[in-house]
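Protein chains: 2
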Amino acid sequence: MGSTQARIAIDAMGGDHAPAEIVAGALRAQEELGVKILLVGDPEEVGAAVRKHTSASPLEIIPAEGTIEMGEEPLSALRRKPKASINVAMDLVKRKEADAVVSAGHSGAVMAAALLRLGRLKGIDRPAIGAVLPTLIAGKPVIILDVGANVDCRPKFLEQFAFMGTVYSQYVLGIETPKVGLLNIGEESSKGNELALRTHQLLQKNPQIPFVGNAEGRDVLSGNFDVIVCDGFVGNVLLKFAEAVGEVALQILREELPQGVRGKIGTSVLKPNLRRIKQRMDHAEHGGGLLLGVDGVCIISHGSSQAPTIFNAVRLAREAIDNRVLDRIQSRYKEDSQTSAVSGQQDG
Amino acid sequence: MGSTQARIAIDAMGGDHAPAEIVAGALRAQEELGVKILLVGDPEEVGAAVRKHTSASPLEIIPAEGTIEMGEEPLSALRRKPKASINVAMDLVKRKEADAVVSAGHSGAVMAAALLRLGRLKGIDRPAIGAVLPTLIAGKPVIILDVGANVDCRPKFLEQFAFMGTVYSQYVLGIETPKVGLLNIGEESSKGNELALRTHQLLQKNPQIPFVGNAEGRDVLSGNFDVIVCDGFVGNVLLKFAEAVGEVALQILREELPQGVRGKIGTSVLKPNLRRIKQRMDHAEHGGGLLLGVDGVCIISHGSSQAPTIFNAVRLAREAIDNRVLDRIQSRYKEDSQTSAVSGQQDG
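In the order they appear, the protein sequences are chains F and U. Quick note on my numbering: the first sequence kicks off at 816 and runs consecutively. Quick note on my numbering: the second sequence kicks off at 816 and runs consecutively.
Extracted from the complex, chain F is given alone in its bound form (with noise of 0.2 angstroms):
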């Protein structure tokens, strides 16, 4: 890929907002990010959402029949309808019609079907979640990761998820050695759960990865680690926390704010910041998670996702497709395979 033009396939039916406000960022995404967007859902209704904006026709309408509802079973609701967008999409992935998947549609979903039609990496067990953020330092974000793919881990799943994150910070975020963080309930070794004094221990042992300690809850948002490794239970309790603080904030702000003359003043003058502030926190900015370790490049996004969410999700997945993330991770696994940086196999 690299100089050729990325090509997404978005699922147009896929989150609260589908069709309309997905074909929206579809369609501000082709026009400013330089790629190729295959838009996949009904082709009566993504058509007519598109003739919203424009009576041109800018982007090609992959059929696909139905969508996973948010109460269905994944597993199953995948099987019973073969030709539902998210299936469609991954399709054309599988058939390296396109390069990635950007959806903001029933989340398990999106992971059973990219683990069913793409599988996984060679090297890698539990494909993971990673969310980046920003952090107090401006123009420093973090990766943390799994936010929500697995609930239940393996010490060798957050070594593989530590390696991806790393391979992520690196070759995206262009931090040449990302310090790695293990979220923990202290700095010591000796602090934390089973699961985090074994995963402790394998990242220590482990060469490929810049692992430097314990982060703490207090950690996460410091910007002074690069890459942050949890199980997906505590990694999505923690994210879905970090989205309501944008309106926390706000809401102690508006509440705080200085009352009488003055504090009309200040009031009137803050007004118009206060959208950017909680853009800044909100989702949007991030655009969605990335499915790590899976064969293909996927975006799951917020089910609330407007069009600028759609948007940004594109950006990401064009950051990882032209960055090739994934042959990256691939690659090194089959470097490391004879001398088995990767413990996983044997100490998991």
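Possibly wrong hints are sitting among the right ones.
The list makes no distinction among identical chains, and a pair is therefore deemed to hold if it is satisfied within one copy or across any two copies.
[Claimed, not checked] Below are the BS3-like pairs computed for lysine-lysine, each with C-alpha atoms no more than 25 angstroms apart in a straight line: (1) K1055 x K994; (2) K971 x K1006; (3) K851 x K994; (4) K971 x K937; (5) K971 x K994; (6) K1006 x K896; (7) K896 x K994; (8) K955 x K1055.
Because the hints were derived from the structure by calculation, they are not lab data. All values reported here derive from a predicted model rather than from experimental measurement.
Given chain F, put chain U in place with the hints provided.
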């Protein structure tokens, strides 16, 4: 107790700012909260700290020798130093010469000393640390437990935490029927890791716990729940993350404050409020965690506690004493030991 004056033993030697800040908080607490403070520590050091504030000697000093240092392994250190301040403080409660202990020292040591010297309440397998946090709804705090005492939990432990949180919410926070939530990755009862799935079932069956369902990360500070239960690993990560949120919000606020002349007006108006905003999010405000499930009221304050935190910790202790939280936990377990309403002994 109730009508008689609450007697609070404060570990004057525990914490980064001991004894100066501990003593300052203690003096203010005795003056304003109508409690009797027993300062436990080295008589000379503590006496000197008191004399910096007043020439009178308003506080009783109970002599102790040494303290448990942060790097020490709690159990062996507690045994090696029987007269350490935290041991002496716990013994005061055991001999019924004090009603509660407040300490900003080594939290593992405080827990271990409480278990060794006071023992567990009947019916409780594992004590939990509960943290009372403000929510988006003013005046409607939430108690989260466990935030650090038990990193690997069984379902019945979480069920007991839910019960203790319910009692606390009812009798201290005055919520007649508290909404109890289980921290999880989704609302549906089918979501979660093994621990969450099994705990969900126990909570649903327990008539003593007003369980309303799963709480996601975004619900923690929403005010929609009065009690949230989780294992001590997740709870600790979340609490420390929440404590850092004040700082993150302030930082973003500073960066996003408008520039130029209008900006300067806004900033000058806002500045006095920044401190109040930070305070509202700070751990100082909630005083510390309540160690629930041991046979005595124990408040574990942050190691970095200064005078205001200690003051609030004493208030928290007094509320637990005045509202007879331990008796109520104990007596309900007694009442229901026949009906086995807490299923832990069988299912967990």
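Comparing the hints with the structure gives:
1. K1055 x K994: Intra 23 angstroms, inter 20 angstroms, cutoff 25 angstroms: intra and inter.
2. K971 x K1006: Intra 18 angstroms, inter 23 angstroms, cutoff 25 angstroms: intra and inter.
3. K851 x K994: Classified as neither: same-chain Cα gap 34 angstroms, cross-chain 49 angstroms, threshold 25 angstroms.
4. K971 x K937: within (14 angstroms within a copy, 39 angstroms between copies)
5. K971 x K994: within (19 angstroms within a copy, 38 angstroms between copies)
6. K1006 x K896: between (47 angstroms within a copy, 23 angstroms between copies)
7. K896 x K994: neither (43 angstroms within a copy, 39 angstroms between copies)
8. K955 x K1055: both (21 angstroms within a copy, 21 angstroms between copies)
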